[in-house]
Amino acid sequence: MTKSTHNTENAETVESLMDQAEALPYGAAQKLELLERAVDLADSLGDVQAGFEARQELTGAATMGGHPEKTLVAFAWQLAAWDKYGPSSGREELEADEYDLLWHYKWVINSLWEFPNISRTQIEAAFADFESRLERGGYSLRTVLYFRWKYAFFTGQLEQTEAWRTQWLRARKDDMSDCSACEAQFLTDYWVGMGQYLEALKAAKPILSGFERCAEVPHTTLGSVLEPLLRTGQLEEAMDAHVRGYALVQSNPSFLSTCGDHLSFLALTHNLEAAFKLLEKHLPWALESAHLMGRFGFFRSTLPLFARLRVAGQTLFPFRAPQGFPLEGGPEGHTLDALEGWFKTQLEDLATQFDARNGNAYFSSQLTLDPDLLERIPAVSIKSNKFSAKLNNWKGKA
Amino acid sequence: MEHRFQVDLRGIIEILSEHLYSGPQVFLRELLQNAVDAITARKKLERIFQPQITLELKKDTDNTPLLIFTDNGVGLTEAEVHQFLATIGRSSKRDVGASTSGTGGSSDFIGQFGIGLLSCFVVSSDLHLLSRSAKGGGVVEFRGSPEGSYSVRNVPENELEVALEVGSRVILRAKPEMVDYFDFDLLLERGRRYGGLLPFPIYLLEDTKTVQINAEGAPWRSKYESAEAQKIALLEFGRGVLGREPFDVISLRSSAGDLDGVALVLPFTPSLAAKPRHVVYLKNMLLSEDAEDLAPQWAFFVRLVVNANSLKPTASREGFAEDSALEATRDELGQQLQAYLSDLSERNPEKFKQLLRLHDLSLRALALENDELFSLFAPQLEFETASGPMNLRDYQTHSSISQGGTVYYAGTLEQFRQMGKVAGAQNINLINGGYIYASELLERYAQRHPNVRVERIEADFFAQRFEELTVQERNSSFEFVRLAEQTLEKMGCGVELLHFKPIELPALFVTSAQQRFVRTLEAAQEVAGDLFSGVLESIKPSNLGKSSGGKVGLIYLNMSNPLIRRCLGLTTAPHGPDRLVNLSDEARVKCVLEVLYVQALLLAQHPLSSRELNTLTAGLGQLIDLSLKVSEVSRELH
Numbered sequence: 001m002t003k004s005t006h007n008t009e010n011a012e013t014v015e016s017l018m019d020q021a022e023a024l025p026y027g028a029a030q031k032l033e034l035l036e037r038a039v040d041l042a043d044s045l046g047d048v049q050a051g052f053e054a055r056q057e058l059t060g061a062a063t064m065g066g067h068p069e070k071t072l073v074a075f076a077w078q079l080a081a082w083d084k085y086g087p088s089s090g091r092e093e094l095e096a097d098e099y100d101l102l103w104h105y106k107w108v109i110n111s112l113w114e115f116p117n118i119s120r121t122q123i124e125a126a127f128a129d130f131e132s133r134l135e136r137g138g139y140s141l142r143t144v145l146y147f148r149w150k151y152a153f154f155t156g157q158l159e160q161t162e163a164w165r166t167q168w169l170r171a172r173k174d175d176m177s178d179c180s181a182c183e184a185q186f187l188t189d190y191w192v193g194m195g196q197y198l199e200a201l202k203a204a205k206p207i208l209s210g211f212e213r214c215a216e217v218p219h220t221t222l223g224s225v226l227e228p229l230l231r232t233g234q235l236e237e238a239m240d241a242h243v244r245g246y247a248l249v250q251s252n253p254s255f256l257s258t259c260g261d262h263l264s265f266l267a268l269t270h271n272l273e274a275a276f277k278l279l280e281k282h283l284p285w286a287l288e289s290a291h292l293m294g295r296f297g298f299f300r301s302t303l304p305l306f307a308r309l310r311v312a313g314q315t316l317f318p319f320r321a322p323q324g325f326p327l328e329g330g331p332e333g334h335t336l337d338a339l340e341g342w343f344k345t346q347l348e349d350l351a352t353q354f355d356a357r358n359g360n361a362y363f364s365s366q367l368t369l370d371p372d373l374l375e376r377i378p379a380v381s382i383k384s385n386k387f388s389a390k391l392n393n394w395k396g397k398a
Numbered sequence: 001m002e003h004r005f006q007v008d009l010r011g012i013i014e015i016l017s018e019h020l021y022s023g024p025q026v027f028l029r030e031l032l033q034n035a036v037d038a039i040t041a042r043k044k045l046e047r048i049f050q051p052q053i054t055l056e057l058k059k060d061t062d063n064t065p066l067l068i069f070t071d072n073g074v075g076l077t078e079a080e081v082h083q084f085l086a087t088i089g090r091s092s093k094r095d096v097g098a099s100t101s102g103t104g105g106s107s108d109f110i111g112q113f114g115i116g117l118l119s120c121f122v123v124s125s126d127l128h129l130l131s132r133s134a135k136g137g138g139v140v141e142f143r144g145s146p147e148g149s150y151s152v153r154n155v156p157e158n159e160l161e162v163a164l165e166v167g168s169r170v171i172l173r174a175k176p177e178m179v180d181y182f183d184f185d186l187l188l189e190r191g192r193r194y195g196g197l198l199p200f201p202i203y204l205l206e207d208t209k210t211v212q213i214n215a216e217g218a219p220w221r222s223k224y225e226s227a228e229a230q231k232i233a234l235l236e237f238g239r240g241v242l243g244r245e246p247f248d249v250i251s252l253r254s255s256a257g258d259l260d261g262v263a264l265v266l267p268f269t270p271s272l273a274a275k276p277r278h279v280v281y282l283k284n285m286l287l288s289e290d291a292e293d294l295a296p297q298w299a300f301f302v303r304l305v306v307n308a309n310s311l312k313p314t315a316s317r318e319g320f321a322e323d324s325a326l327e328a329t330r331d332e333l334g335q336q337l338q339a340y341l342s343d344l345s346e347r348n349p350e351k352f353k354q355l356l357r358l359h360d361l362s363l364r365a366l367a368l369e370n371d372e373l374f375s376l377f378a379p380q381l382e383f384e385t386a387s388g389p390m391n392l393r394d395y396q397t398h399s400s401i402s403q404g405g406t407v408y409y410a411g412t413l414e415q416f417r418q419m420g421k422v423a424g425a426q427n428i429n430l431i432n433g434g435y436i437y438a439s440e441l442l443e444r445y446a447q448r449h450p451n452v453r454v455e456r457i458e459a460d461f462f463a464q465r466f467e468e469l470t471v472q473e474r475n476s477s478f479e480f481v482r483l484a485e486q487t488l489e490k491m492g493c494g495v496e497l498l499h500f501k502p503i504e505l506p507a508l509f510v511t512s513a514q515q516r517f518v519r520t521l522e523a524a525q526e527v528a529g530d531l532f533s534g535v536l537e538s539i540k541p542s543n544l545g546k547s548s549g550g551k552v553g554l555i556y557l558n559m560s561n562p563l564i565r566r567c568l569g570l571t572t573a574p575h576g577p578d579r580l581v582n583l584s585d586e587a588r589v590k591c592v593l594e595v596l597y598v599q600a601l602l603l604a605q606h607p608l609s610s611r612e613l614n615t616l617t618a619g620l621g622q623l624i625d626l627s628l629k630v631s632e633v634s635r636e637l638h
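Sequence lines, in order, name chains A and B.
For the first sequence, this note's numbering assigns the number 1 to the initial residue and increments by one for each residue that follows.
For the second sequence, this note's numbering assigns the number 1 to the initial residue and increments by one for each residue that follows.
Mixed in with the good hints, there may be bad ones.
Below 25 Å or equal to it, Euclidean Cα-Cα: the simulated SDA-like pairs (lysine to any residue) are [what the hints assert, rightly or not]:
(1) B:Lys540 <-> A:Asp349
(2) B:Lys421 <-> A:Thr232
(3) B:Lys421 <-> A:Glu33
(4) B:Lys175 <-> B:Pro65
(5) B:Lys540 <-> A:Thr232
(6) A:Lys383 <-> B:Ser310
(7) A:Lys277 <-> B:Glu440
(8) A:Lys383 <-> A:Thr232
(9) B:Lys43 <-> B:Leu164
These are calculated hints, taken from the structure and not from any lab test.
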């Protein structure tokens, strides 16, 4: 055991904790824990500069590791410190880069609507603050338009999305804009959400051909294209995307929703045992996550699994519930009825919270499965990562 | 009226040299790629010819170093020179392949001819090329300047100083600041790296010296007398690549990607965040020495040196494009690395153990991905426990009686630190699940062994085992608990008085992850402006777990501890203000409680806030003051 990498005895310093954290990959709980200790230590020393720098790392690790709530807390402090001690405060007690700060602000903006308790008024106020900071910094407002478009889409204000998208397309691109891989990723999600499956596949093409990539791309994209591929009858291609994509996302909780895409895919293609395994593996993430939109997405992806089990006439749900799972099972496991009921209640509860905030019924409307999808999709046998040229072929077609 | 775009060639060269290529020396790689493509194209026309490349270093009449690079590939006609050399951005080789064989596509070729030649401008003041096409015709000469003009002419045979067979000859004139790159040893070394695997000879000449750059070929393809001899040769080769002898060398072959080569097992433990960088060849030409993402994610214990014949290069020609062929290749390589591991564990358990120690984290990540290997490693993996590092097999043996076979672990390092002592006193050997992959491995272990109970515990697990007070104790401690609650309320800390082991421990502080989160959230709210203070209020968890009463932490005071009992004694029969030290019993107990609280935080290795630090300073000051007064008073009395 490599004890030296997390020596518990030697005196810790902010720097040593940050060094240790840097050596760990995104998604590792330990990375966050080390950075939180660094923040605590800096604060207890009253060192604003070190506290700012440790939080700078923490917001990144929290965002890339599936803890947007921690990003919010750390960023709120950073923004306050920036305003009070930063270069434009006239006090020059804090040395920091405006570009970095605003880039992290993007993560914060991008996550606000994922918490149903954050009101629309608060979100609007944050948009206004972000916009004025971008303006003062001389940046293009394209970034704001981009998030306005995302916000409208993710909160079901679908009558507005096209208008925002058009404005975004026309605005000047600058180095505050998302990279083209990330933009293509959202465009893919957008078209899937709008039911434009061919458009979605077109948007994903540069990513899937390996031309564009980024920290979370193609990781999420390979999940996003599963439904469009299934719906357009490209079953083998979908299986390839599943095999490639799941390997990339399975060990980082920030990909909870994408894991849901894979779960739903497995159930739809009649791979129920594999779907069970996936559910067992990622349910603890969903239960622990403060990212309620991610939880909603993951829970929602159990719908095809329950539907398929019903058709198969199964009454028991033979899965190993994670520790702390609120629903007690019998000696033989959970009954299908009880478990399906539990998930449905959770989903309805989440949908109610989101809809109340959003002022529409967008989330509730997602609680029923498209029966056509269930009926049309045949069994596709699971591939254990074997070479297949299929994906190359469909790239030509799409 | 139609116009043509004007292109600033100098600007483009600058962009290429600064952004697309990894350094000036890549001109040699580009020339070799073009030559290999030309040879591939000629092979499609005439099956039998002896391919050959020569590099000759010379001095011009003005003493400027020259590099004359000659291949006997397919060559270029005058039309092709105009079409490919002078048209930047066209991937000309695709067209050559299609036109010469009618079937070959772009995948047969490595380079992008025109772009490759442009890289020569990085080191050479002009571009001079002579070529004779295999399709017939005489020698064509191309002269290009970095300003963007070029000339093409047919050269009469009698004008040629050195005869030119079918093929191309590129003559580079060193720019004054690039003279260092026209060096025999450097070209030999780079040439070996770039073209060492090519299956036809590459010669390097200067004056009377002639060396075949690639005489040795790929070491993993050579024939050896014995397996032992092969091993020694491959280890030696690995030393050349790593600068140190590798721990081991694994031969690789993958039908996906048509790949062969070796995996060098690193003789040191790499950083988890460092991406392994592999040496990759495409069709035996070096593509990159820093290719990432070729091996499976978990395989950060190896560096690969491989050649692939059917993977697609990226636009910069310095790695492979992320597509399904690469994915399949990665998968096949993964299977071979796994086969090596399971084979090693049977064949040489001692060496396998060494490997486990050296590449602990890599193998943990792998064990999580592969059930078969999980069974192989899991019992041997060590975990940090309250009584030292221990593997799971030993852990179970040791704890089978005291813990009834249950495996207990703390989910985070912080919880492990908080609970370790108390757990020990309860005869529970706690495992630190906060170390990377530890929790995941333990949970997987439970899944694979349904008869083994694996339980993740939090501090309230012990609280449930703590002994409640008797009715009498409860009554007599009422005042003490009230006082403790009052004292610690301003710290946001709740109080419980119970009996627990070890009795030497007066107080135990516990906080859940969520309570801790609220603690930091509230601290941020204090400094944040209205906007974010409000946003944070919205995401504040409303339910902080059972019996927390909205507190951010809980302190267990130990009724079995003598110090606590004495404090309690002071509160059951309180005196008024002590006439000797002028401090009431109540004030003294408060002071002790504050110090105990901070001490409990420290014991839990909990970072102190400035307020807690102040409490400690004030409390200690008061206690010191008190003890001094007591001794002064007792001296007066004597």
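Going straight from one Cα to the other, do Lys175 of chain B and Pro65 of chain B come out at no more than 25 Å? Holds, at about 9 Å.
Satisfaction of hint between Asp349 of chain A and Lys540 of chain B, Cα-Cα up to 25 Å: Measuring from Cα to Cα gives roughly 18 Å; hence the hint holds.
Lys421 of chain B paired with Thr232 of chain A [C-alpha distance capped at 25 Å]: This hinted pair is violated, its Cα atoms lying about 59 Å apart.
Can you confirm whether the C-alpha distance between Lys383 of chain A and Ser310 of chain B stays at or below 25 Å? Holds, at roughly 22 Å.
Check whether the Cα positions of Lys43 of chain B and Leu164 of chain B lie no farther apart than 25 Å. This hinted pair holds, its Cα atoms lying about 19 Å apart.
Lys421 of chain B paired with Glu33 of chain A [C-alpha distance capped at 25 Å]: holds (21 Å)
Is it true that the CA of Lys277 of chain A sits at most 25 Å from the CA of Glu440 of chain B? Holds, because 14 Å separates the two Cα atoms, which is no more than 25 Å.
Hinted pair, alpha-carbon criterion (25 Å max): Lys383 of chain A, Thr232 of chain A. Please report holds or violated. OK: Lys383 of chain A and Thr232 of chain A at ~20 Å, within 25 Å.
Just to be careful, I want the Cα atoms of Lys540 of chain B and Thr232 of chain A compared with a cutoff of 25 Å; is the pair within it? Since the Cα atoms of Lys540 of chain B and Thr232 of chain A sit roughly 43 Å apart, the hinted pair is violated (cutoff 25 Å).
Checked against the numbered hints given earlier, this structure breaks hints 2, 5; the rest are met.
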